[in-house]
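Undergrad: Given next are the chains, with one letter for each unit.
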Amino acid sequence: EDQVTQSPEALRLQEGESSSLNCSYTVSGLRGLFWYRQDPGKGPEFLFTLYSAGEEKEKERLKATLTKKESFLHITAPKPEDSATYLCAVQATGGGNKLTFGTGTQLKVEL
Amino acid sequence: KAGVTQTPRYLIKTRGQQVTLSCSPISGHRSVSWYQQTPGQGLQFLFEYFSETQRNKGNFPGRFSGRQFSNSRSEMNVSTLELGDSALYLCASSLSPPSGQTSYEQYFGPGTRLTVT
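So the protein sequences, as listed, match chains A and B. Numbering of the first sequence is given in our numbering, commencing with residue 1 and proceeding in unit increments. Numbering of the second sequence is given in our numbering, commencing with residue 1 and proceeding in unit increments.
Here chain B stands alone, though its shape is the one from the complex (with noise of 0.2 Å):
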């Protein structure tokens, strides 16, 4: 079975600028969750996606946005870029949120690695 999917793996923008990142979830599996993760802060939650609806936000401002599509496949979008925002980007999977005392498991993808310049 294919693991979760991250393009592009590496991404060199400039400040001012904006970029979209891709993830493709494992198959059958419908819950996307992305995280920055930076040598200062470690890995921080971005948002939560499932059955193209977000269900949760972490503490980002509105430069950061995402969406998910019919087939489960998620996009973030950063505008107007800053030097703060290179990092590691992740995406995690999982078959669903929580339902009462099940917790799924979140498998995540390689990243996408932003320098922002």
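Chain A extracted, bound-state conformation (with noise of 0.2 Å):
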């Protein structure tokens, strides 16, 4: 059974202060490995898509790395904006467009 598992459960940054979330998975065969952002109220926005080891996708602040056992996503000087709940999920072969997700990191960034 395809497992995802995000650490920490919650996070607080203050303005500036860089970190990273972790995600480690297990799965059958890993199609693509998606990271999405949820603000509260709100459905999940779509972040990034990566599909094999060493890989590394940037946008702004936030950059996702992957290898075969777990990605990162690094947040680079984040702002109060960057604060949401941040899910990891995979992709198994075979699976059609299933998605198994983290239970997230809920991120709060500080002035």
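These aren't lab readings, by the way, just hints derived from the structure by calculation. Relax, there's no trap hidden among the hints.
Computed beta-carbon distance windows for the label pairs:
{"#": "1", "chain 1": "A", "residue 1": "SER24", "chain 2": "B", "residue 2": "SER99", "range": "25 to 35 Å"}
{"#": "2", "chain 1": "A", "residue 1": "ALA53", "chain 2": "B", "residue 2": "SER51", "range": "28 to 38 Å"}
{"#": "3", "chain 1": "A", "residue 1": "GLU55", "chain 2": "B", "residue 2": "SER27", "range": "26 to 36 Å"}
{"#": "4", "chain 1": "A", "residue 1": "SER7", "chain 2": "B", "residue 2": "LEU83", "range": "24 to 34 Å"}
{"#": "5", "chain 1": "B", "residue 1": "GLY16", "chain 2": "A", "residue 2": "THR67", "range": "45 to 55 Å"}
{"#": "6", "chain 1": "A", "residue 1": "ALA77", "chain 2": "B", "residue 2": "ARG63", "range": "45 to 55 Å"}
{"#": "7", "chain 1": "B", "residue 1": "SER99", "chain 2": "A", "residue 2": "PHE46", "range": "14 to 24 Å"}
Quick caveat, the model's predicted, so the values are computed rather than measured. Every residue gets a Cβ at the ideal spot worked out from N, C-alpha and C, and that includes glycine.
Dock chain one against chain two, each of which comes alone in its own frame, and use the hints as you go.
TA: Okay, here's the thing in structure tokens:
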């Protein structure tokens, strides 16, 4: 059974204090690893898809990396507007569009 | 381009009743997936539809069902509601299911908040 574990569950940062969120996974065969951001009361917002170990993608202050067992979401010099829950999900080969999600990291960035 | 829309946004039902939720995907998207989100279990996959056919199903009881129409709009139905069905129900759309090495981005709607009393 595919499994995704995210850590930490919650993270509080000062504005400008860089950090990383971790997503470890076990999957029968990885087609893709997805990162989403979710704000309270809203649906998840797509951030990145990573397909193979060694791949990296960047968007503004966010950078996602992938190894064979885990993915990291690095947040550089975060701002209060980066506060949200960050979700990681895996898509297995042969599983269609099904995503298996972790429970997320709740990030709060303070002034 | 309009995003994924879901109706209604909020719903209150009583145990034993049934409910139908609707999802309109992004224009041109033909694959629709449904997820249940609860504080305890997080996001869990319900089912996936493409070309009016269910392609994939999660581990939920038969009380949960869905369908997709020729215009790609989708509905999900929950019969004989239980208190534990209270959740945020999310719909996600993508161009199509994965093909070969290609996986398409999935975009989520705002969800329908269902409360069962």
